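Take a look at the letters that make up each chain.
2 protein chains.
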Amino acid sequence: MSASTDYAKLAIEQVIAEWQKQNKRVDDMLAKFSAEQFNSEIAPGKNTGTYLLGHLIAVNDNITTFLGFERSYAHYDDMFVKNPDKSGFAFPSLDELKTAWNKVNETLAKHFSSLSTEDWFTKHTAVSQSDFEANPQRNKLNIIINRTNHQSYHVGQMVLLG
Amino acid sequence: MSASTDYAKLAIEQVIAEWQKQNKRVDDMLAKFSAEQFNSEIAPGKNTGTYLLGHLIAVNDNITTFLGFERSYAHYDDMFVKNPDKSGFAFPSLDELKTAWNKVNETLAKHFSSLSTEDWFTKHTAVSQSDFEANPQRNKLNIIINRTNHQSYHVGQMVLLG
Chain A
1418 MSASTDYAKL
1428 AIEQVIAEWQ
1438 KQNKRVDDML
1448 AKFSAEQFNS
1458 EIAPGKNTGT
1468 YLLGHLIAVN
1478 DNITTFLGFE
1488 RSYAHYDDMF
1498 VKNPDKSGFA
1508 FPSLDELKTA
1518 WNKVNETLAK
1528 HFSSLSTEDW
1538 FTKHTAVSQS
1548 DFEANPQRNK
1558 LNIIINRTNH
1568 QSYHVGQMVL
1578 LG
Chain B
1418 MSASTDYAKL
1428 AIEQVIAEWQ
1438 KQNKRVDDML
1448 AKFSAEQFNS
1458 EIAPGKNTGT
1468 YLLGHLIAVN
1478 DNITTFLGFE
1488 RSYAHYDDMF
1498 VKNPDKSGFA
1508 FPSLDELKTA
1518 WNKVNETLAK
1528 HFSSLSTEDW
1538 FTKHTAVSQS
1548 DFEANPQRNK
1558 LNIIINRTNH
1568 QSYHVGQMVL
1578 LG
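Here the protein sequences line up with chains A and B, keeping their order. Sequential numbering of the first sequence, starting at 1418, is according to this note's numbering. Sequential numbering of the second sequence, starting at 1418, is according to this note's numbering.
No lab work stands behind these hints: they were computed from the structure. Keep in mind that this is a model prediction, so the values were computed, not measured. You may find that some hints are simply not true.
Note that identical chains are pooled: a pair holds if it fits in a single copy or bridges any two copies.
Claimed, not checked - Once the Cα atoms are required to be at most 27 Å apart in a straight line, the calculated DSSO-like pairs of lysine-lysine come out as: (1) LYS1441 to LYS1463; (2) LYS1463 to LYS1449; (3) LYS1499 to LYS1441; (4) LYS1449 to LYS1520; (5) LYS1426 to LYS1499; (6) LYS1515 to LYS1426.
All chains should be built: construct the whole structure from the sequences, respecting the hints.
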């Protein structure tokens, strides 16, 4: 393997390391905050922690689709993605959400390790071949870069529960 | 250039594209929110938008140091990094902060474009040679991956001003 391939592999490992780091921040909040804290709003009139946790689970679960695998929590989309908080849904319990959070992360870790360096630079499933050829950044690696920042954005909000 | 070098180059471009995307979110808030909104707390008893904006300017300005260049806003560190909000500092005006924000981004953009693919995988300036050899992820690219997520975290908070 050339130094250049090593660089691409290293860049992928760094993107995944940041992903894991942001996951750990959610793990830490799950260990620290009570169900009552999660059910509180991050600021008056804004989203609850429970909604944001469910939102992260649904969005992260959908990464599996972008990578070309089957997702498990598509039924969370109505509650946590397609509709805003306080739309009248009965949310799963914090314990159920914790189980889902862990399951999504285990599944993603397994898929991440199954992809080769070259695989990461192939198109994700939500872009057409012609659009991908026009913009080769629309690859699988970009989904992780983008979703890590999406998670950081909401983690910045969820810490306000503390 | 081999396909492998292209992959490393593409990964760097994607990391920088996400950085630019997160900068644009701050640009949009600067265009939209009033000085009064920036001076408000993101949630009762939490940081003000002005503090978070100054914090992002100081932290992002310091990226120049990590890349091996001179920084311009080291004098912001006392106000916006080393001390918490409401420590009694007289903050710069929103116009001054906007000017600083834009200047930092222009300077970083210039430095980013001066680095070769190989440069991005060399050690950043705050890690020793031996620590870098033990963990080659501690390179310049990692600073951008990490600081982009740092910014996303605070952007998620600053949007609460709206």
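Checked hints:
1. LYS1441 to LYS1463: Both. Shortest intra-copy (24 Å) and inter-copy (23 Å) distances satisfy the 27 Å Cα cut-off.
2. LYS1463 to LYS1449: Close inside one copy (21 Å) and across copies (19 Å); limit 27 Å.
3. LYS1499 to LYS1441: Both. Shortest intra-copy (26 Å) and inter-copy (25 Å) distances satisfy the 27 Å Cα cut-off.
4. LYS1449 to LYS1520: within (19 Å within a copy, 39 Å between copies)
5. LYS1426 to LYS1499: For LYS1426 and LYS1499, neither the intra-copy (35 Å) nor the inter-copy (36 Å) Cα distance is at most 27 Å.
6. LYS1515 to LYS1426: For LYS1515 and LYS1426, neither the intra-copy (31 Å) nor the inter-copy (38 Å) Cα distance is at most 27 Å.
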